[in-house]
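*Asks:* Chains as they are written, first to last, in our numbering: chain A, 9 to 277; chain B, 9 to 277; chain C, 9 to 277; chain D, 9 to 277.
Calculated directly from the structure, the hints in this document are not laboratory data. A few of these clues could be false.
Unchecked claim - Under 8 Å between C-beta atoms, here's a sample of chain D residues computed to sit facing chain C:
#1 S101
#2 T146
#3 R256
Said to hold, decoys possible - Chain D stretches covered by chain A per the calculated footprint, using a threshold of three residues with CB under 8 Å from any CB of chain A:
#4 47–56
#5 247–253
Cβ atoms here follow ideal geometry from the backbone N, Cα and C, with glycine treated the same way.
Letter by letter, the chains look like this.
Number of protein chains: 4
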Amino acid sequence: MCRWAAYRGAPVFIEELVSSPAHSLVAQSHCATMARTTTNADGFGIAWYGDRPDPGRYRDILPAWADCNLMSLARQIRSGLFLAHVRAATHGSTRRDNCHPFVVGNWSFMHNGQIDGFEHLRRRMESELSDDLFRYRTGTTDSELLFLLALQFGLNDKPLEAMAKAAGFVEDLSNDMLGYALLRFTAAFSDGKTLFAVRYATDAKAPTLYAAPVCGGNGHCLVSEPLNDEADTWVEIPDGSTVILNERGMDVALFEPAVNWAARMRKAG
Amino acid sequence: MCRWAAYRGAPVFIEELVSSPAHSLVAQSHCATMARTTTNADGFGIAWYGDRPDPGRYRDILPAWADCNLMSLARQIRSGLFLAHVRAATHGSTRRDNCHPFVVGNWSFMHNGQIDGFEHLRRRMESELSDDLFRYRTGTTDSELLFLLALQFGLNDKPLEAMAKAAGFVEDLSNDMLGYALLRFTAAFSDGKTLFAVRYATDAKAPTLYAAPVCGGNGHCLVSEPLNDEADTWVEIPDGSTVILNERGMDVALFEPAVNWAARMRKAG
Amino acid sequence: MCRWAAYRGAPVFIEELVSSPAHSLVAQSHCATMARTTTNADGFGIAWYGDRPDPGRYRDILPAWADCNLMSLARQIRSGLFLAHVRAATHGSTRRDNCHPFVVGNWSFMHNGQIDGFEHLRRRMESELSDDLFRYRTGTTDSELLFLLALQFGLNDKPLEAMAKAAGFVEDLSNDMLGYALLRFTAAFSDGKTLFAVRYATDAKAPTLYAAPVCGGNGHCLVSEPLNDEADTWVEIPDGSTVILNERGMDVALFEPAVNWAARMRKAG
Amino acid sequence: MCRWAAYRGAPVFIEELVSSPAHSLVAQSHCATMARTTTNADGFGIAWYGDRPDPGRYRDILPAWADCNLMSLARQIRSGLFLAHVRAATHGSTRRDNCHPFVVGNWSFMHNGQIDGFEHLRRRMESELSDDLFRYRTGTTDSELLFLLALQFGLNDKPLEAMAKAAGFVEDLSNDMLGYALLRFTAAFSDGKTLFAVRYATDAKAPTLYAAPVCGGNGHCLVSEPLNDEADTWVEIPDGSTVILNERGMDVALFEPAVNWAARMRKAG
Numbered sequence: 009m010c011r012w013a014a015y016r017g018a019p020v021f022i023e024e025l026v027s028s029p030a031h032s033l034v035a036q037s038h039c040a041t042m043a044r045t046t047t048n049a050d051g052f053g054i055a056w057y058g059d060r061p062d063p064g065r066y067r068d069i070l071p072a073w074a075d076c077n078l079m080s081l082a083r084q085i086r087s088g089l090f091l092a093h094v095r096a097a098t099h100g101s102t103r104r105d106n107c108h109p110f111v112v113g114n115w116s117f118m119h120n121g122q123i124d125g126f127e128h129l130r131r132r133m134e135s136e137l138s139d140d141l142f143r144y145r146t147g148t149t150d151s152e153l154l155f156l157l158a159l160q161f162g163l164n165d166k167p168l169e170a171m172a173k174a175a176g177f178v179e180d181l182s183n184d185m186l187g188y189a190l191l192r193f194t195a196a197f198s199d200g201k202t203l204f205a206v207r208y209a210t211d212a213k214a215p216t217l218y219a220a221p222v223c224g225g226n227g228h229c230l231v232s233e234p235l236n237d238e239a240d241t242w243v244e245i246p247d248g249s250t251v252i253l254n255e256r257g258m259d260v261a262l263f264e265p266a267v268n269w270a271a272r273m274r275k276a277g
Numbered sequence: 009m010c011r012w013a014a015y016r017g018a019p020v021f022i023e024e025l026v027s028s029p030a031h032s033l034v035a036q037s038h039c040a041t042m043a044r045t046t047t048n049a050d051g052f053g054i055a056w057y058g059d060r061p062d063p064g065r066y067r068d069i070l071p072a073w074a075d076c077n078l079m080s081l082a083r084q085i086r087s088g089l090f091l092a093h094v095r096a097a098t099h100g101s102t103r104r105d106n107c108h109p110f111v112v113g114n115w116s117f118m119h120n121g122q123i124d125g126f127e128h129l130r131r132r133m134e135s136e137l138s139d140d141l142f143r144y145r146t147g148t149t150d151s152e153l154l155f156l157l158a159l160q161f162g163l164n165d166k167p168l169e170a171m172a173k174a175a176g177f178v179e180d181l182s183n184d185m186l187g188y189a190l191l192r193f194t195a196a197f198s199d200g201k202t203l204f205a206v207r208y209a210t211d212a213k214a215p216t217l218y219a220a221p222v223c224g225g226n227g228h229c230l231v232s233e234p235l236n237d238e239a240d241t242w243v244e245i246p247d248g249s250t251v252i253l254n255e256r257g258m259d260v261a262l263f264e265p266a267v268n269w270a271a272r273m274r275k276a277g
Numbered sequence: 009m010c011r012w013a014a015y016r017g018a019p020v021f022i023e024e025l026v027s028s029p030a031h032s033l034v035a036q037s038h039c040a041t042m043a044r045t046t047t048n049a050d051g052f053g054i055a056w057y058g059d060r061p062d063p064g065r066y067r068d069i070l071p072a073w074a075d076c077n078l079m080s081l082a083r084q085i086r087s088g089l090f091l092a093h094v095r096a097a098t099h100g101s102t103r104r105d106n107c108h109p110f111v112v113g114n115w116s117f118m119h120n121g122q123i124d125g126f127e128h129l130r131r132r133m134e135s136e137l138s139d140d141l142f143r144y145r146t147g148t149t150d151s152e153l154l155f156l157l158a159l160q161f162g163l164n165d166k167p168l169e170a171m172a173k174a175a176g177f178v179e180d181l182s183n184d185m186l187g188y189a190l191l192r193f194t195a196a197f198s199d200g201k202t203l204f205a206v207r208y209a210t211d212a213k214a215p216t217l218y219a220a221p222v223c224g225g226n227g228h229c230l231v232s233e234p235l236n237d238e239a240d241t242w243v244e245i246p247d248g249s250t251v252i253l254n255e256r257g258m259d260v261a262l263f264e265p266a267v268n269w270a271a272r273m274r275k276a277g
Numbered sequence: 009m010c011r012w013a014a015y016r017g018a019p020v021f022i023e024e025l026v027s028s029p030a031h032s033l034v035a036q037s038h039c040a041t042m043a044r045t046t047t048n049a050d051g052f053g054i055a056w057y058g059d060r061p062d063p064g065r066y067r068d069i070l071p072a073w074a075d076c077n078l079m080s081l082a083r084q085i086r087s088g089l090f091l092a093h094v095r096a097a098t099h100g101s102t103r104r105d106n107c108h109p110f111v112v113g114n115w116s117f118m119h120n121g122q123i124d125g126f127e128h129l130r131r132r133m134e135s136e137l138s139d140d141l142f143r144y145r146t147g148t149t150d151s152e153l154l155f156l157l158a159l160q161f162g163l164n165d166k167p168l169e170a171m172a173k174a175a176g177f178v179e180d181l182s183n184d185m186l187g188y189a190l191l192r193f194t195a196a197f198s199d200g201k202t203l204f205a206v207r208y209a210t211d212a213k214a215p216t217l218y219a220a221p222v223c224g225g226n227g228h229c230l231v232s233e234p235l236n237d238e239a240d241t242w243v244e245i246p247d248g249s250t251v252i253l254n255e256r257g258m259d260v261a262l263f264e265p266a267v268n269w270a271a272r273m274r275k276a277g
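Here chain A stands alone, though its shape is the one from the complex (with noise of 0.2 Å):
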């Protein structure tokens, strides 16, 4: 499982969250203490939001706690939204192209997750994406194609909505091709504006999200895993949710694939 943190508020220098603390994410992804896996070794990301629509972005492949660039750049960038993501490989060999976020135009993405069966699913979720947006496709995993299926459904009107039908589509695409579908999902993703998380899961165990007033009450962090020791000031979001950070503050609503909307088009097609 992966690993990551989002942040969304006053500007603050991203190693506040990402390599300062005892329990930052960095500091995570060397020892963990909550998760499965024991460490997050296969790259990591950061995306953050500047002076432009588009997020700059800086990954890598080596382990996050090897890596000295990472260290300075977050200890000079200064960003009200960012995302950041260290990586255990599932799908996709490490490599630069296959660490989160990812970016298409002003839109970055991350994940914690899996799809059951992707091996089979790969070329008929690739097949739904338009010339344009497969040209974005340089990796091999399943969360850079989640994240390009969200785009191709409509994630720039209608953010929710086509998150909804991309995991949708998935499950029909599952329990078409393979007879069952599995899929967990927690993710983050961002216009630059608003700050958007899922947390879902066909079965009982979708990956685990947190949620915290951080900075002072200036911003809200949303992590796969709480940060620190003070345990009680992470509230955990449960299964079933879509976490929506803008600048009225922090909301909390229902996520429910599309399922439906993914078969009547199939049937449509």
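Model the placement of chains B, C and D on the given structure of chain A, informed by the hints.
*Replies:* Below, chains B, C and D alone, put in the same frame as chain A:
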């Protein structure tokens, strides 16, 4: 343009052709004298046949001249059949998965050339692959895809016919989708027993291909550009040729892409 | 020879000088026109001053043109004082620790040049460093060592005098140990407020140094070779010069290595 | 703590001990069961003896399990004497020059352990090296320096005495400079003919060392931790021991650092 060298004959240390001489492949990669592009700094790779049917492979994204691992391997490994490649990126980012030689089972393949308009042809080329072969599509280059198409079209059974079908398929597809075809193609490939090379272009500008007896006449070397100053020992292989190196020595035959086949196949399909 | 560019002025996106224009530093690194060596593919680095006294730094061993992280960072980061370098290795292997700029505290340093016979001088140069400074000796280049010697000789208090002492020390040591001195040296360095550059050689072959107002006159750029075709806007800085860029603009003064000081010191010692 | 495995016997594919079995060195590096640190993700290396007196070497900074080059090399290369190492960084950053095994001429060396207060001892240790040996000091680890000191103290002529002198020198130097000595040391080294290993610590906490006949009794393997579940075939080598593997089989002798020698030498000097 990339550069490459391939050898078949009595076992020699790989360094004799790759890294030792003043005008070895690695020296060429650093300071080219005959090629249009000045350096080949976007990665390198070697594939060699040893005690197993499938070849060993080492590739990385550094400039070849900066990689001390390559120097040590080339100095230690002795082989009677090997391929070596230095890359100047045209399609596909600089990452290991995009470095030649490509390997599937006991086959290896490397390439210097280009397919005009590849970004428009890529998906149709990929959709020609069986699910089994598609699993080997880990990079984004046109070269890897040409190799997989040749495997799809029967490389195991009739290697030269399969390569002619792959070239013909791309030519037909280009004419079909773009209204013209521009393919330049100088490739080497092997099953571990025979070493093949092809020089071909739809225009008069096929990348060069040279052959020479080397190592005291105990082997033959095929190269994209001559490896040393004794230019008179290198024979230029004409455009539209196939070279076949096996235990009976070197043979040169015509190469013609199987254009008709590809057209017929599509009509029948 | 390496290449570099340094900027001081109103904050600009780093890409404006490093990666955007047709003749930017990264474009130069790929296809050089004026330099003796044809490419600078042995790594790169940037150091920039932002919201902290110490600079941020990003460096890696890929060719600069192949690094998508560099492109993204240069596009996102805005700075009023930065140094950028592309490397062609002379001393020291290709690894991050040998990539410029070097950074200690709030100081940054980068260099194009060479010390003849450095392999014989290295240990005596290193032994001049205090234990505190020796901890920063993580690479094997002559450039890093020149920087650390300048710090040892008072860079914090009298930057130009310290750099003159460092150059003089090397010259004296060369004469002492080798019977001659050959030092060629074009360097840029900064404390985050003032940007300094030095052009000097013991023979008449100091690497070039140019200066120009850039970004609509809101800043100055110093470069090893002019960055674009408008060659007439670039002024060549003569051999034996120091350039000082601060809030009062650009100043040029003589640079002379403090040879006598070094000789006296050794006699006294 | 690092982990390592070394083999001497009839030539075998390196993968048999390094990457194939369920509990191979690479599998251990990913998910440790007996060691104190949980992963060894800070690089790896192999050195093997083949057709030349000097060994081949391959090392890189990725986690071993993520490196497809290593998998291919270990599958192809057959050797009768090899060393393999996976690293968890203690001293020295994550870069190739700091990855074991270290190689000078026909000698190879790898190490698991630590020298307490090394940052204070480093310069005095380095100053003991001749100019010739100092040229091989390209990294910053204590391990590389122990190896170079052993070469300085006569590894070519009397290997075990030289290693005892190196350990004794460090112990004396620690007592001298720090007021105490804490050295923990389990190393393997070879000249291409004999494979040596040493287990030693100044306290009772020497890193473990095990030996077993492997490959149907045709060779012996020395490891920092047993490689598979048949724990009863592995014999623990006691603290304060030397293991010698040559054509006559395996021999175990006492190891004692040459403390007196070092003390005498300094007095005489």
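*Asks:* Compare the structure with each hint and give your call.
*Replies:* Structure-based check of all given hints:
At its closest, the beta carbon of S101 (chain D) sits 7 Å from a beta carbon of chain C; the interface hint therefore holds under the 8 Å criterion. Checking T146 (chain D) against chain C: minimum C-beta separation of about 6 Å stays under 8 Å; hint holds. Hint status for R256 (chain D): violated, given a least beta-carbon distance of 40 Å to chain C, over 8 Å. Judged by the Cβ-Cβ criterion of 8 Å, the stretch 47–56 of chain D is covered by chain A as claimed, because 3 of its residues qualify and three suffice.
Residues of the stretch 247–253 of chain D with a Cβ under 8 Å from some Cβ of chain A number 0, which does not satisfy the need for three, so the listed coverage is violated.
Hint compliance for this structure: hints 3 and 5 are broken, all remaining hints hold.
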